[in-house]
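Q: What follows is each chain in one-letter form.
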Amino acid sequence: MALRRRPPAGTTTQDERRLARDFAGLVAALDDPDPTTRRWAARDLEAHREASPALVARLAVETDVSVREVILTSLTCLGDDTAVDGLIQALRSEDALLRNGAIVALQQLPDAVAPRMEALLADPDSDVRIFAVRVLESLRHPRVEDWLLEVIERDAHLNVCATAVDLLGEVASPRARAPLEALKRRFPDEPYIQFAADLALRRIGEV
Amino acid sequence: MKQILVIDDAATVRLYHRGILESGGYRVTEAVNGVEGLERVAETAFDLYFVDVNMPVLDGYGFLRELRSRDGPQPPAIMVSTEAGEQDRRLALEVGASHYMIKPVRPETLLACARLLLGERSTP
Amino acid sequence: MPEIQISDGDFLRLREFFYRKTGILFEPSKRYFVDKRLIERIRATDCEDFRSYFTMLRFQASGQELQTLVNAMTVNETYFFREEYQFACLVNSMLPEILAHRTDRDPIRIWSIPSSSGEEPYGIAIYLLEHWKTLSEWDVEIVSSDIDTDILARAREGLYQARAVQHLPAPLLSKYFTRKGDGYRISETLREVVDFTRVNLAEPAAVRMYRNFDVIFCRNLLIYFDDLSRKQAAESLYDVLRPGGFLCLGHSESMSRMSLLFRVRRFPEAIVYQKPWGAR
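Chains as they are written, first to last, in our numbering: chain A, 168 to 374; chain B, 36 to 159; chain C, 34 to 313.
What you were told as hints is all true, and nothing was included just to trick you.
According to the in silico footprint, chain C covers these stretches of chain B (three or more CB under 8 Å from chain C): (1) 57-69; (2) 73-81; (3) 86-98.
These aren't lab readings, by the way, just hints derived from the structure by calculation. Each residue gets a CB set at the ideal place from its N, CA and C atoms; glycine is no exception.
Could you put together the complete structure from these sequences and hints?
A: Here it is, written out as structure tokens:
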């Protein structure tokens, strides 16, 4: 008994992915009772361009967190319309973990999210608008500041504005000055809005 | 000095809470999500947690569920959320929150709540 | 060349952004160092000032500049027994817990990635030989991988400059190395027990060949990945481990920027991450 090198047969002792690895086999494996099998299927489906509908369907019913995380990752890698619509649907989930996973996924898909952002920011449900603003937190898209300014200029909901002004502390440029001042006037009795807007203004002013 | 952990993904919110709590004489540590919160808990013994609900990677419910599943002392936790629904409040209490506050929180309310849960008399 | 100024507000913006992305928080005492590196990057990217640089950094579609900046802000050197406290944690805490749960006599498997030029996997081997008495009762396999075939060849070669071995106690140096010109060569025995392989951790399909490991050392690699690749790699590593297996990251890295799948475990020597015992 000591340090030793494994036999040269291969690193893996045995391949546990017993189901067929073609597309149909992987889709079937998404419903396997064993979470490890489902995780591997979700992971391998990332390489199949037509996989989004099956992954979105599974995401809606999957209860194992580890499988769900891999499905979210694969949908992010695929990033097509079906994937993005499925992720946006997940923003409405009652499950905070799924909602937040979808936000992280959408943050990685700026080109697909951009054409849908206006509609999300106009959603009648203020929670969805808050989640849309949170997608902007890490979105690598040149319009992020525009969207945030539109929110603090137009949205009547205190917490939607509060979420947007949080992010302006990071991305605000001098043109945010007037909208930030206007926001402070709109919510004069809200200490948090005053604090966050002042912080953003200070950071603009210092340059 | 009592130690408070503030977990929120928004940097501005963390700064706001820090300012208020430090003015009340508390020491504040920050974390950006539930996993980082658990990392901080592994390093330091806190007297109180302020936990946001919606955060990337691990949300506030997940953080509290993991924390409350552990043996040992269980300091109080205040859950802070933008969601005002009765169901959100119930879920927070079910996972082990001591109190549920709706954002944005006013400074005096934040401080009063911290004092109460830390078992300190609020200033007369 | 016009002088570039970093205001306090600029510093705070960068500090928050960098912390959110990487988990690394610049202490105010590091301000001089941060400003210096930052100004170098602003110049190197032909940006006019902090604002235009930060906009590029924040919104660049490829995320390339963020990775370059992470590189500039972190020290990535490799030498024997770097972050030795994790090896102590392996021997005193992780391995005892793993053995307490073991029902079979399969070898203990340790994966060290990236192998770099071999300092880490050979260091683990030396540490186990020197400090883990139970080694006499178990077989241990050490596999070490890298994306770079040239560096793998160097690792197999096992030749080191004095700087790489400077933290090794003298008795270990003479026990496991022989002088070779200006440097040192690792012993034949150790070269035989570490298995070097090529793998790209960013390709889940390639990682699937790696299974049933008890401990993974993946230090100072994922921090250079983009957000999505980092999450994907962490999820791949989850399936590389057996239930109860441990993942060790570098001291400036945090799982909080990667994945929720692992449990945070505090041991006396270190904080490490664990695939839950009940995981399926």
